[in-house]
Amino acid sequence: MSTIAEECLDECNAVQAHSLEDYGSENPRWCKGCGDHGVLASLQRVLQKNNVEPENAVAVSGIGCSSRLPHYLRTYGFHGIHGRALPIATGVRLARPELPVIVTMGDGDCFSIGGNHWLHAIRYNINAVVLVLDNAIYALTKNQVSPTSPDGTHSNTTPRGTYLQPMNPLSVVVGMTNVSFVAQTATWLPTHLDQTIEKAWEHRGLSFVRILQRCPVFMPQAFGEGGRNFPVVFLENNEGVPIDPWLLKRGPAQAHDQRNINAAQKVAVTVDPAPMGLIYHNPELPVYEDVRHERHERPDHATFVDLLDKTLDRFTV
Amino acid sequence: MSGPSIVKLPEHIVEIVSDAGEGAQKAALAFAQLCAKSGNGLWTVEIIPSEIQPPPHTTGSASGNRIRLASRSRVTNSGNRANMVLAFNEMALLSRLETGGLADDVLVVIDDHWATHPNTAYQQSYREVLSQAKSQGATIIEIPLESETAKYVDDTGRGKNMFAVGLLCALYSKELPVLKKVIQGIFKKKSGEVIATAVTLAEAGYQYGIENLETCYEIEAIPAGTTKVAMNGNTALALGAVAAGFELCSMYPITPATSASHMLSEIFEEFGGFVHQAEDEIAAIGVAVGASWSGKTALTITSGPGMALKTEFQGLAVMTETPLVIVDVQRGGPSTGLPTKVEQSDLLHAIYGAPGDAPKVVMAASSIEECYYILSLARKIAEEFRMLVIVLSDANLATGQQIFDRPDVSMTPRRPPLDLSPVEPGALPYDWDSETGLSQRLIPGQAGGMGVTTSLNHDRNGKACYDSVRNQTGHTMRSRKLAALQKGLKRPPVYGADEGDLLIVGWGSTRGAIEEAVDSARADGISVSSLHIQFLSPLPPGLKAIFSRFKKIMTVEINYSDDKNDPFITDENRRYGQLAWILRAATLIDIDCYAQVPGRPFMPVEITDEIRQTLDLEPENVSNAVSMNTTEKGN
Ligand SMILES: Cc1ncc(C[n+]2csc(CCOP(=O)(O)OP(=O)(O)O)c2C)c(N)n1
Ligand code: SF4
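Residue numbers (our numbering), protein chains in the order written: chain A, 4 to 320; chain B, -8 to 626.
One chain only, chain A, in its complex shape (with noise of 0.2 Å):
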């Protein structure tokens, strides 16, 4: 039996286990001000505090600014290809169910190219983060329009602005068969994005977080300029995304039961205030790979030979 005092230093140390350094490798590529950053560091805070080893957390992303983050974070990565994060991920959640997985992706990548694989995902259920670092507008091949681009948006492929309404992505996911968790924040309400991701981490199964992301290279006016003027509301719950009194300056806070998909729907299909914080949240939605590891043992090779033997015997004339 350990004493009280051996347990809090256990604790303690088991806090210190790793510094933010061991989970940073080369210094980040990306523009002055832009949010990415912001989200990087929040995920290097939210291993930290977990204490998770390095070599067994594995970030997934696709093509695009966002989608540099595997660069910068010091665990194994996957940097593949442009709206294709979420498969890949699939893959190393049904081999390997004991490492976590983190998947950061855009606004094109996720909503548009990848649109297939982001709403089968969310039926998975698969036991990850997934992060889609919404800047509005395609970034990295240098500001086309993008699924989420506001009204009017003038880019190299709308001149005279856009032809369409842009869409909705929360309202689209709380109407997903099995979707289990539900969250938006923004990169400019630091600590607000952290707590986000944190509960993002704590949940098992898909854990959807639109983070509103500044570009302010592309669309500096996106957002009231970068979140300045953007109307937001917190959506307020003991079990959802703490409210720090600063936030309340930006908006403010409303009761919300994030258990109730009802609740939630109508929270998703409000843009304007933004509702931020926890939509919806069901932790008891089953994980597609806890499924199929549920049915499955590795037999060991005896075995394996013998029943081999069996199924070929079913050929056998």
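One should not assume that every hint holds.
With a Cα cut of at most 27 Å, we get these calculated DSS-like pairs of lysine-lysine [said to hold, decoys possible]:
no.	chain 1	residue 1	chain 2	residue 2
1	A	K313	B	K371
2	B	K454	A	K145
3	B	K219	B	K28
4	A	K35	B	K180
5	A	K313	B	K(-1)
6	B	K454	A	K313
7	B	K180	A	K313
8	B	K171	B	K(-1)
9	B	K(-1)	A	K269
Bear in mind the hints are in silico, worked out from the structure with no lab data behind them.
Starting from the structure of chain A, add chain B with the ligands where the hints point.
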């Protein structure tokens, strides 16, 4: 009554055709099992309607099987034109006549029900089709299939097939008790009543045959002395994937590949494996890449259109040197093409289909038996070389059945647990051997090995880089792995003499038909040999030396080439068969091709005819020559 006289034959090709849903496939399955159990060698081919519920009593509704049975235990292809067809109606017969797949002197056994059918249109077409067959030289035996079956069951649509298989049992002098056992096995999941009725019908069919047939056949089995299995190529692939130690198969349904995944879905979990049906082919390969990158052995199985969707991910697998196996069960293309029929048109796509220069290993299975073994080899190469290996099969192998020696399971390799020991200090994710390009991969969970695997060009450290020197190096390292593999490959053996007038070169499922054609041409004194190529990328060593000993070289492939005798086609605009294209480029030898897209396997006789034509010899037997019927009716 003295009973029928018996004619002994070395082999026979039998077709059983009915309307879809009338059970000719079940009858064929029972007959094939009966022959297999009596020790005959077999190759079967499915005759599949292209729609799920085609209108009955039309040529489009014909469904069934072609069974080549032989005295010898090893049959390598579906053979020439059929010697016997049992048709449930005249339209099913007509569909077979139209394919040109029946011998002129074919024995037709047909239900006489339509001769007196209340629908006079049926009566008329029955008479017309039978007289067409007769004028070709067919012998017709009309049997009361419908009325005899009606004595035992109310719904004859569900009983004629068992009466038919009983009759075949008599026609081929097989033993009724063996057939009864086979039927009991086939229906073992059905009620006792269903089984009893099926057996009764088979007995009745047998009895009818013994009492009414004047002549019966006997294809005596030569004892093989080894235990045999019978299965189709997709089942062989599925069992082969298990035996090879694969742990995950990620797929999206597509004909003719899907049934391999059906088989795997049934058995894989017991072996500790997963079948993941993804939302599309892109996701299917993505899941396989993710699983393989994290240390599990993964494969994805698809057909041409799915291969097209997988190309971007193939590039990723090549760039990140993630071991992966893709099986492409080829069908007719382009686009939806001929979904259920054989073609070998994905060869160039398999080798070159990916953005940028993406060296891959491409190999092809040449028989159903090889479908079982090829995945072990593919896996070994994928892992040792950190490469993408594409295995080509096709619709002919996928749905045909072959009898072959039962695989020895004691050879199954052990699968050690993942080695997650910390990496040596200084270990790099791409520590390329500068001669062979080979390197050891790092796996998530290995302490000290952290780093990003990127689709961008990268150096030995795995770091993204954009300069010309390191881009050139990355390409060279990935390419040298193919060269290193090529050095380890064996020079392929020539089938027949080592030199001569003509060398036929083939790949994939045409092997059996080509070698049979070479045998028969050589028996006639023609100087022809053949060469089968298993590795299409890299090509095996020694080809140029082999080719230099023959006066002419010609590939035989089931894919498209322009007809060189067409006045519109010139040396400059002619498009060649795909293997010919590769071999011409690789050897600078003027290699010709016989490349056609009949939507069915080549018959050996077609290849022998082509051999004779190429060598300016008279066709051996004009009546047996088959026209390719390239001018399809408007459709
Ligand atoms: C198959 C494919 N199509 C297009 C591209 C080009 N491309 C790269 S990133 C990108 C979009 C980037 O926008 P987003 O996903 O929103 O990410 P961001 O750069 O804004 O973070 C595109 C179209 C590509 N790499 N691959
Ligand atoms: S272009 Fe925009 S999204 Fe990309 S790094 Fe710069 S600020 Fe960030």
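So, going through the hints one by one against the coordinates:
About 25 Å separates the Cα atoms of K313(A) and K371(B), which keeps this hinted pair within 27 Å; it holds. Distance restraint check for K454(B) and K145(A): the Cα-Cα separation of roughly 23 Å lies within the 27 Å cut-off, and the hinted pair is therefore satisfied. With a C-alpha separation of about 10 Å, the suggested pair K219(B) and K28(B) falls inside the 27 Å cut-off, and the hint holds. A hinted pair counts as satisfied when its Cα atoms are at most 27 Å apart, and K35(A) with K180(B) does not qualify at roughly 69 Å.
Distance hint between K313(A) and K(-1)(B) is unfulfilled; the C-alpha atoms sit about 37 Å from each other, more than 27 Å. At roughly 48 Å between alpha-carbon atoms, K454(B) and K313(A) are farther apart than 27 Å, so this suggested pair is violated. The hinted pair formed by K180(B) and K313(A) meets the criterion: a straight-line CA distance of about 19 Å does not exceed 27 Å. Under the criterion of a C-alpha separation no larger than 27 Å, the hint pairing K171(B) with K(-1)(B) is consistent with the structure, at around 24 Å.
A threshold of 27 Å between alpha carbons decides the hint, and for K(-1)(B) with K269(A) the separation of about 81 Å lies outside it, so the pair is violated.
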